[in-house]
Amino acid sequence: MDVELFPVVDDAFEGGPQFREWLAENYDPEEVDNDLTIVASLTRKTEAEVLEVLNERGFSIQRDLGAVTEIEADTDDGSVAAYMTLDEPGILLFYTNHRKTEDIPLLENFIQSDPDTYSLFLSPYTIRESLDEFMAVYDNLKVVEFTAKRSRGSQMDAEIRPYEERTFTYWAEDGLQTLEELQHQYGVLPHRLVIEIPRETKLRIDKRGFFTYERGDLHLLLELLQDAAQRGQETVEAFDDSSFQVLPVETAHRSFNIPSSRPVQIRLPNRLSYTEAEDLRGKLEHEGYIPLSYEAEEGSLFLRSDLMTEEGERFRVKANEESLRVLPSGDGTFSGFMEFYEFVVDEVDPRAELVQ
Amino acid sequence: MGDGASDEDDADADAPSFTGSGFEDEYLERLDELQDQHLDEAQRKVQEHYDTQQAHDTLIDICASAFGPEGPLHGETGYRFLFSEPLKELGVKNYDVLIYDVDGPRSIFVECKSSISNPADVVDDAQEAYREIQANEDHLQDAIGDDLGFTEYVICLPSHMRNRVIRHLENREDAGFLDEDEEVPLLFWEVNKFSGQHLSLVTQIPARDDVDNQHGEHTLTSQLSDSVEVQDAEVLYRVYPSSHPLRLSKEGLAHQMQVNKQQSRDLKTVQRDDLEAFFSNPEYVPHYANDEIGAELAERVIDRGREHGLIAEDEGDLFIDLDVTTMKNILDRYETEYLDRHAEAIAHRWAKEDAQEEFREKYPSMDRFRSD
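If you read the sequences in order, they're chains A and B. For reference, each letter of the first sequence is one residue, going 0 to 355 in numbering that gives the first Met the number 0. For reference, each letter of the second sequence is one residue, going 0 to 371 in numbering that gives the first Met the number 0.
Heads up, some of the hints might be wrong.
Derived CB-CB ranges, DEER-like [as the list claims (entries may be wrong)]: (1) ARG160/A / PRO205/B: 54 to 62 Å; (2) GLU30/A / GLN261/B: 52 to 60 Å; (3) ASP141/B / PRO88/A: 44 to 52 Å; (4) GLU310/A / GLN36/B: 53 to 61 Å; (5) GLN261/B / GLU277/A: 29 to 37 Å; (6) ASP178/B / GLU309/A: 51 to 59 Å; (7) GLU298/B / ARG160/A: 49 to 57 Å; (8) ILE159/A / VAL258/B: 46 to 54 Å.
Treat the hints as calculated values from the structure; they're not laboratory data. Virtual Cβ for every residue (Gly too), placed ideally from N, Cα, C.
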């Protein structure tokens, strides 16, 4: 392993928040190679189950620090070391100073392939909002790097060729103004930002749930993480409230098994029009979903579609202008649901949010 | 000339019977022209029918879900959704949904209508289906596992169709009562599926007294008069026996392909018993005569597939006859081809009727058409 994992005292931490507070007080970027990256994900597995799967993937436990576990993997596909915390419900975090492009994929692979786990993705709209909040407090804030995108069929206002799908990646000191200009001209939203507040901090947030700290006051990054984690927990709770069960209904001499589904409701503040609902079919197919049925009716809007993935996961979607309900069937996973939710955020309404 | 078979009945007739002449060419050319002309209309009609059947499925969803085990009426009344299409396995006119209250016992038979060409048919069909229930009461009670008890009959309509049917009742002597003694009123529910899925009882029908527009169970009347919203839970089936054959095909074949993957078979293999197993699963298709319905639906999928050249046979084995390779592309192409070929068949049929009509007028001495 060529990069030494940043040091953590041999203590028993009470929980994720306590560990992060310790990091804010004690982490010294001068003593560590590369930047600190926190890879954030949501999971429905227990900590023991996560460790078991990681073990199968070549990870071993180096130290047990109470709520924190130090893990390490050295495989043909790469090597990485990290600390791990799981804040219930569902916030699974990996803390590492290993490098994003070379080493972190081992962790990413677990998050992407595990059916009960998914990245704690940030909506570009939320990234934008976080930036605005920081700007309100720090008027000398700079954005020195960003990636911003416009998705196919986006309804965001754009002055120039709104029908084009776009990605901008930009490096310069005037990133903040450029981002504003591009947002106005081309209707793009940030997927990745490198924020520099002189004498305060330099940090990076990435839509895929990566929070990176370069220097300065770690608290600012941890605030962003905390906001995301809170939304993530609301997501997990909303998902946990949904269900698919086969329930018996009895008569004097017979019993009938009725499949009953409780949906997750996704609110659409930007509202869904009939035209968008028609276009949605194409977007779903482009994303790899197979619509086994698709009913869209105007007046205001009614949408009903049975969707299946190549892997055989299925769910029913019902929507009106204001919200979309995802009705789980017996064969669906948390990961499958999150993938669809991310699709809705990216392709339907960047302000989409789950309803408790 | 000919054996005297009626040319009106000879649906396979394609060309004039006399040999030699240019009539055959002229006829076939005209047939082609007419088919082209009719194609747009045929496509529109086919799509419309497909859409209407999907809307019908939605109405059944909503009626069943309102009385589902986690539905809005659960705990408010004892009525529960049991299954769809009672008596369908006998091949008779039937209602779409049975809602049952074991405490009565009490039954409600619901017929859902997503399109209406003639409101008179709606009521007449409901009356016929009512008579079938009377005639097959024992069979039904065996299916339910209990007595029918106090029974009511409902037509469920989308809101925007309600008025047309209600107005029609004023033209009827029977005012929508199911029996001659005017003791069994046909009740009406309406569904508004926009801005939420709302189910309500139609309480005001000018042709009748208000008391005839209520359920026997007071709680149900008051709940439905205020309208219930289906949103916190729904029953979730794959298809209904009355779903459009293309819908049945997509669901059945999606299942078939999943099985093929699990069994490491060729993805496009079609096996009747896999389809029957799918359609006879009461958690996928709500019915009590599972084996019969399963066989019927599997047969329908295979028949229509073969009719449209989408399912073919090779030495006794069936397979999906499309040259795309992924499940997604197969299902996508199946839908487009099914609808296109169905439309072509309809356009061809219309064209043939027109062409034969034209030729009879043009060449009145010709007394029959023969098949190719």
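Status of the hints after comparison with the structure:
1. ARG160/A / PRO205/B: 54 to 62 Å: 57 Å, holds
2. GLU30/A / GLN261/B: 52 to 60 Å: 53 Å, holds
3. ASP141/B / PRO88/A: 44 to 52 Å: For ASP141/B and PRO88/A the Cβ distance comes to about 48 Å; the hint holds.
4. GLU310/A / GLN36/B: 53 to 61 Å: Given range 53 to 61 Å: violated, Cβ gap about 45 Å.
5. GLN261/B / GLU277/A: 29 to 37 Å: Given about 35 Å between the Cβ atoms, the range holds.
6. ASP178/B / GLU309/A: 51 to 59 Å: 54 Å Cβ-Cβ, so the 51 to 59 Å window holds.
7. GLU298/B / ARG160/A: 49 to 57 Å: 53 Å, holds
8. ILE159/A / VAL258/B: 46 to 54 Å: At 50 Å between Cβs, range holds.
Checked against the numbered hints above, the structure breaks only hint 4 and satisfies the rest.
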